[in-house]
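Asker: Based on the sequences and whatever the hints tell you, model everything.
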Amino acid sequence: MKTAAQTVLPGQSRAHEVVLSVRGLAVDIRTHRGTVRAVNGVGFEARAGETLALLGESGCGKSMTAKALAGIMDPVCDLAGGEVVLNGTDLGALTPKERLKFAGPELGIVFQDALTALNPVYTVGTQLGEAFRIHRGLSAKEAKVQAIELMKRVGIPEPESRVNSYPHQFSGGMRQRILIAMAVALDPRLLIADEPTTALDVTVQAQIMQLLRKLREEGQMAVVLITHDLAVVAEEADSVAVMYAGNVVESGPVSEVFSDPRHPYTKGLLESVPVHVARGAHLKSIAGSPPEIHDIPAGCVYQSRCPLVQDICLSVRPQLLPVNERSADVQDDADNYAGARPSRPGRVAACHFSKEINNV
Amino acid sequence: MSEPLLQVDGLCKTFHVAKSASGNTRLKALDGINLTVGRGETLGLVGESGCGKSTLARTLILLETPDEGTVTFEGTNPFGLRGKELLSWRRRVQMVFQDPFASLNARMNAGDIISEPWATHRSLYPSSREREARVRELLHMVGLRPSDARKCPQEFSGGQRQRLGIARALALNPDVIILDEPVSALDLSVQAQILNLLNDLQQELGVSYVFISHDLTVVRHVADRVAVMYLGRIIETGATEEVFDRPRHPYTAALMSASPKLDVTGAKRDRIVLQGELPSPLDPPSGCRFRTRCWKAQDVCAEMAPEPRVTAAPDGGLRLTECHFPLETVQGLTGATATAG
Chain A
1 MKTAAQTVLP
11 GQSRAHEVVL
21 SVRGLAVDIR
31 THRGTVRAVN
41 GVGFEARAGE
51 TLALLGESGC
61 GKSMTAKALA
71 GIMDPVCDLA
81 GGEVVLNGTD
91 LGALTPKERL
101 KFAGPELGIV
111 FQDALTALNP
121 VYTVGTQLGE
131 AFRIHRGLSA
141 KEAKVQAIEL
151 MKRVGIPEPE
161 SRVNSYPHQF
171 SGGMRQRILI
181 AMAVALDPRL
191 LIADEPTTAL
201 DVTVQAQIMQ
211 LLRKLREEGQ
221 MAVVLITHDL
231 AVVAEEADSV
241 AVMYAGNVVE
251 SGPVSEVFSD
261 PRHPYTKGLL
271 ESVPVHVARG
281 AHLKSIAGSP
291 PEIHDIPAGC
301 VYQSRCPLVQ
311 DICLSVRPQL
321 LPVNERSADV
331 QDDADNYAGA
341 RPSRPGRVAA
351 CHFSKEINNV
Chain B
361 MSEPLLQVDG
371 LCKTFHVAKS
381 ASGNTRLKAL
391 DGINLTVGRG
401 ETLGLVGESG
411 CGKSTLARTL
421 ILLETPDEGT
431 VTFEGTNPFG
441 LRGKELLSWR
451 RRVQMVFQDP
461 FASLNARMNA
471 GDIISEPWAT
481 HRSLYPSSRE
491 REARVRELLH
501 MVGLRPSDAR
511 KCPQEFSGGQ
521 RQRLGIARAL
531 ALNPDVIILD
541 EPVSALDLSV
551 QAQILNLLND
561 LQQELGVSYV
571 FISHDLTVVR
581 HVADRVAVMY
591 LGRIIETGAT
601 EEVFDRPRHP
611 YTAALMSASP
621 KLDVTGAKRD
631 RIVLQGELPS
641 PLDPPSGCRF
651 RTRCWKAQDV
661 CAEMAPEPRV
671 TAAPDGGLRL
681 TECHFPLETV
691 QGLTGATATA
701 G
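One line per chain: the protein sequences are A and B, in this order. Position 70 of the first sequence, counting from 1, maps to 70 under this note's numbering, and the rest follow consecutively. All you need for this note's numbering is the position in the second sequence, starting with 1, plus 360.
These are computed hints drawn from the structure, not numbers from a lab. Fair warning: there could be bad hints in the mix.
[As the list claims (entries may be wrong)] Simulated crosslink set (DSS-like; lysine-lysine; CA at most 30 Å straight-line):
id	chain 1	residue 1	chain 2	residue 2
1	A	Lys-284	B	Lys-621
2	A	Lys-67	B	Lys-621
3	B	Lys-621	A	Lys-214
4	A	Lys-284	B	Lys-511
5	A	Lys-355	B	Lys-511
6	A	Lys-152	B	Lys-511
This structure is a prediction, so every number in the text was calculated from the model and none was measured.
Answerer: Listed below in structure tokens is the structure:
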């Protein structure tokens, strides 16, 4: 086991330090039509006390990425490459048993659909206490006390009586709180939240987001927020990685990526949102639909929908490269992207024409 | 405002359910709904899940019979109509469903799906040649190819399926289309295509929409007027810009505030985060239904349900708010009734 992060004291991570570093992550799915690559060389960093958003439309590989990080992929999926370093430990180098012992307490995950993520035949108290029994060796009685504390922490009213209730006796928002409580039970360094509010009403969504922010601040957790909602990214995330057809096509700080997108897909998405457009005026939309997973073209993955497409895009796949023109910044960003220096996250885009994009 | 095409007055609908915690078995899904839809107009209907939006939609297409109140369409109340007259009423109000995967029969091809309504409404396109021509025309109108008529739903993408759902609704040349969350199952890039299509069709055909959505950004883009629902009542209506920019009911303000905004500068803003959740419609709070989550609530709110207040908006339109303590003091009109929506 690598222990590069021995300098990190147990307990809290330092603010803005890199908690999770993912490089070249690739996932294959075995289908009856042959093996397809669902995630292709995805890389990003998540920092303590910050939120990184993985933004993309359905089928782009964002949930697959989350499952690969958490080590809970479907049996038909294979990790085809890449490196996942959590708190200085390379998860790929661990045996499954070591991984369970290490990543169990260090990595929490919240799923979208709280009703299917919870077991209907156990009380929420049993499910909340499980982490304490397995990882801390507490008795069932002690675990229940911890479960009640957790329920208080995530704002569930009357935890002493509700700890013995079953998942179906809670509302959607409360179930999501229970899932979040399970994920943060052991004070993980990293919280992965996969579409945590998509099934909820906006008023409840605002409550859940407020809770996630509070927990992030309290524990200096790094949060990886997986979402398709640009507005949620704008409000909740510090940095963003935009995914398309299994690839990260652009990433950087949210304010920079959203105000000055350097990939035509990001630009197209931003223009599809009906804001700052007169009522009833024509919205710009992205023509066509994403490529089939069996049929990812050679060259740029976005070529079939791109307004800027040229010959080079059909044959050469663009690399994720720094977008800044100034040479000093370019070097800086390149270093950041390679993970050499844990300073601010760099601005990168995978487009042959990322510098020309705003001239059209 | 244009002459109302569809007018809803005092609509009530109660469901009888198995015993609830409080022993109450009557669930009042709609409790005195008043609204109007003008010709060629889009009315946005917003509210949290469980507030009665879908029951209202189902009542408008006559899938539910109300206990009280009327739905008047060009002066005709459909409840009590029979035979040909009822059929003709049904033709004029159609619906597009939320889930384009569940709402299309996987065993039928696109042409059959679009032409199925004509099996009931036989007089519309009596000859098979007319029907085939009309199918091609409808496919073209919604941006699909005539050759797509032979494809089955599973051969289409989500966006294309929703186009098919729209074509089916248009098949009977309706005057009003109820759109129940028509874009919420779609990806953003496809959502914009469908919103553009709906806009083009409205311009072309002059059809009215009742657009039900939880996505306030989308509603703001499409709706001429907005009605906000809370626990079976419409608590605020008005012109879209008015309601969004100057909400008068605290719930509307909270809903607007809770909805995430896409601000490209990344500036973080303060917002109203409502505490608690929608109370059970089986045991609605006394007085004003919103009082349990309202930060302006006083004793009077628990004792007395607020009367609808009608006020004139600066643009000359009418605003309706049901609140004892509306957020802004706009000069009130005297004792007007609730049908100004």
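Asker: Does each hint hold? Answer for all of them.
Answerer: Structure-based check of each hint:
no.: 1; hint: A:Lys-284 to B:Lys-621; verdict: holds, 18 Å
no.: 2; hint: A:Lys-67 to B:Lys-621; verdict: holds, 28 Å
no.: 3; hint: B:Lys-621 to A:Lys-214; verdict: holds, 20 Å
no.: 4; hint: A:Lys-284 to B:Lys-511; verdict: holds, 28 Å
no.: 5; hint: A:Lys-355 to B:Lys-511; verdict: violated, 42 Å
no.: 6; hint: A:Lys-152 to B:Lys-511; verdict: violated, 54 Å
The structure fails to meet hints 5, 6 from the earlier list, while all remaining hints are met.
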